[in-house]
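Model the full structure from these sequences, guided by the hints.
Residue numbers (my numbering), protein chains in the order written: chain G, 744 to 1039; chain X, 744 to 1039.
If you are wondering where the hints come from, they were derived from the structure by calculation, not from laboratory data.
Positions of the beta carbon are idealized from the N, C-alpha and C atoms, including for glycine.
Every clue listed holds true.
Pulled a few chain G residues facing chain X out of the computed Cβ check, cut under 8 Å:
(1) A756
(2) G783
(3) M786
(4) D789
(5) G813
(6) G816
(7) T819
(8) G824
(9) E840
Protein chains: 2
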Amino acid sequence: MPFKLTVLGSNSAIPAFGRNPSGQVLETDNSAYLIDCGEGTQMRMDEFKIKKSKILVIFISHLHGDHIFGLPGLITSYCLGGRSKKLQIFGPHGLKEFIHTTLNLSYSYVNFDLEITEIGTEIAAEIYSDHNVMVEAVPLKHRVPTMGFIFKENPRRPKLNKSLIEKYNLSKEQIVQILNGEDIGMDEEWFLAPRIPRSYAYISDTSYAPEIIPHLKGIQVLYHEATYDEDKRTLAEERYHSTSVDAARIAQGCGCSKLLLGHFSSRYHSTEPLAVSAKTIFPNTECVHDGFVLEL
Amino acid sequence: MPFKLTVLGSNSAIPAFGRNPSGQVLETDNSAYLIDCGEGTQMRMDEFKIKKSKILVIFISHLHGDHIFGLPGLITSYCLGGRSKKLQIFGPHGLKEFIHTTLNLSYSYVNFDLEITEIGTEIAAEIYSDHNVMVEAVPLKHRVPTMGFIFKENPRRPKLNKSLIEKYNLSKEQIVQILNGEDIGMDEEWFLAPRIPRSYAYISDTSYAPEIIPHLKGIQVLYHEATYDEDKRTLAEERYHSTSVDAARIAQGCGCSKLLLGHFSSRYHSTEPLAVSAKTIFPNTECVHDGFVLEL
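Below you can see the structure in the form of structure tokens.
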């Protein structure tokens, strides 16, 4: 099963240098999950060849415009495009009013099953699960109620090692015994170790919040906002945002294998210096860009 | 003075083939007027090198999402970017609630003078004027209250013909007499004929509405929606949209010099066939595209 991340927008509030506001897609075989939905998200999905109809669930971190202003257009396109599949949206309080008001005033009629769930952002909690993933929301420290999302692939069952079955030419009865965990009197590892479940954490927007580290332990890939470089620490603190060094400290603390930086201020033409600062603390750091893809 | 049209989005409701929803900018020397504001309008302004700060007034034809979903993002960018200049927005009833609700729920604080004027769409009326232009709203025939907009450059004063002043070496007193319209006993045309005021009409969205023709008499350039080609006439009528032939009939009726077609259905990969159909009735027809520019 693929576990593929595509970044649709890598900038913070004001679009700049061709960088768009926040939006990411995590794709598995038949499903996809949209994380935040800034203005233009539906166009970026077209541009980066992501089938809009594949989106099962949308997770909204907070209600700042650069994370939600693409929702009315995307939902309207689903209405006009004849979506029949259910769409679930999770986000903070106020999300229902935002969606219902924009759709009603624009004369959009939702003709599919749209389920909006508003959740508190004060405590960490599992908010969603299906046959592919479990999603946990984690409180962040921003000017408005905000949460991060941790995606964990469901553990796989160990697979029977077929080569051993062939090697010993086992009978059906013996195979059933092995599957039932019974001893058939042979000292072999009948099962192949399953792949380690993949995991991804999306942390945007927040000031430096080391209290989230325990929730992130064991995560493979961490996306953490890095609106500013270290020389703008005071500004970052004033605006409840992080520097790229803050992000690196969180990555170091949680022991992930890779750190992705995004949500860049429109003051940066090149974002590379932010990665340079972060790498002094967490070497495997990379800045994302619109269209960035990572196969986990 | 320039009188320059830039098309930001040429598609109808669902973005397709790189074509974005409605948005156009009409620029003069120091001012610019935005007509409709579909999702992504602020990004298209960046892409097509239009200074967002130049926009004085926004005219909204109707409240369907593909004409308004870019407003919250644009206004928020003005807030964050430190706009100080007043912004006026004209549009149908419901526009205030749309703007206020989206800004409030997204914690956006308007820190400049934002004046929203809701206008009835039942009768034609002059709704705006300044030192450059006069704008008239014209009722259209769509599923929801909708108006078109006619932009007319203010008439210029005739300019004194300086070469004649030099030729006859006129005194200051004689010049004042000429400016006051007095006869100084010489049979000359002291004034150069002023340029004919330029004019542009934006007609989107509407079914075929020949009743608007009297309002469009004397217009130079007409933009008229052409969601469908002639073979989709029934669909066009059902959905209160026009075919390109409908648009051509309106152009022929009002005697404009040029017809621009836009607001294309996402069923069309190439829009050229729509121009071919229209040209059988009105030869000087052109399909617009995102980034299309016309100096009037």
